[in-house]
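Novice: The primary structure of each chain is shown beneath.
2 protein chains.
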Amino acid sequence: MSGAATETLSVVVEREIPYSPERIWRALTQPHLIAEWLMKNDFNADVGHRFNLRGDWGGVLDCEVLAVEPNKTLSYTWNHTHADAAFNLESVVTFTLTPKGTGTHVRMEQSGFRPDQKQAYGGAKAGWRQFFTKLEQVVARTD
Amino acid sequence: MSGAATETLSVVVEREIPYSPERIWRALTQPHLIAEWLMKNDFNADVGHRFNLRGDWGGVLDCEVLAVEPNKTLSYTWNHTHADAAFNLESVVTFTLTPKGTGTHVRMEQSGFRPDQKQAYGGAKAGWRQFFTKLEQVVARTD
Chain W
1 MSGAATETLS VVVEREIPYS PERIWRALTQ PHLIAEWLMK NDFNADVGHR
51 FNLRGDWGGV LDCEVLAVEP NKTLSYTWNH THADAAFNLE SVVTFTLTPK
101 GTGTHVRMEQ SGFRPDQKQA YGGAKAGWRQ FFTKLEQVVA RTD
Chain Z
144 MSGAATETLS VVVEREIPYS PERIWRALTQ PHLIAEWLMK NDFNADVGHR
194 FNLRGDWGGV LDCEVLAVEP NKTLSYTWNH THADAAFNLE SVVTFTLTPK
244 GTGTHVRMEQ SGFRPDQKQA YGGAKAGWRQ FFTKLEQVVA RTD
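Same order as they appear, the protein sequences are chains W and Z. Letter 76 of the first sequence, counting from 1, is numbered 76 in our numbering, and no numbers are missing. In short: position in the second sequence from 1, add 143, done, that's our numbering.
Hints listed in this document are in silico derivations from the structure and should not be mistaken for laboratory results.
Facing chain Z, according to a computed beta carbon distance under 10 Å, are these residues of chain W, among others:
no., residue
1, Asn52
2, Asp56
3, Ala126
4, Trp128
If you want the footprint, here are the derived chain Z segments under chain W, 3+ residues with CB under 8 Å:
no., stretch
5, 193 to 202
6, 225 to 233
7, 268 to 276
Built from N, CA and C at the ideal position, the CB exists for glycine as well.
Take the sequences, apply the hints, and build the full model.
Specialist: Next comes the structure, spelled out in structure tokens:
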């Protein structure tokens, strides 16, 4: 099939969270809150800003902010350099917030998994479920 | 100070776990049990075996089994390659099991943090507390 070499897979998670987009936006963009539901980081919401997400066990992601539309859209690269192609990940994470009733529809798409990265893709599906559970807890207890 | 260039820091965690060394050994060496308390992996307990520990978010560690003394000692490298020296980790994890009463004294040492890797060192201290909490849960519910 023409173009098959560039085919990639995405992980998509969608949730209704019973809080305002503004409140969820803070959890997505304030470093001390990101650390509570995702990972330690030196994030800030400026397009072009490069930052790292750091797991407690030594793993590190290389990220760059691609798009910022306050309370609506946040997008950044989510890359992991590894000598083994199966683990060398170049992906993009995009959050989209849409008001819904008194709450917010939150959509997260992580795109860029190659077809030979089934393991990483499966891991991300499990990982984002856990991240979203913690995100909802952080949003619920912060103003 | 002479030799300062090779000075490294270690994270040490010690716990008394009220189960036999044999039972704890299984949790340390069976891949499906390791996945429950630590990370997904292709471990096996043969000296020289190379394996990966894989976080659900894309982070990957490169490991090699260094020492295996069943029910007593397990040691492997715990390396993370990164262009930024602060995140380029070359460390060794060693578990030592010692019978104590009807249970086991478990000691984990992760050695090799350079003095300029304070962040990774602090993260590992937090990470191992969480890993041990899950390890104890896995040991408690398996035979």
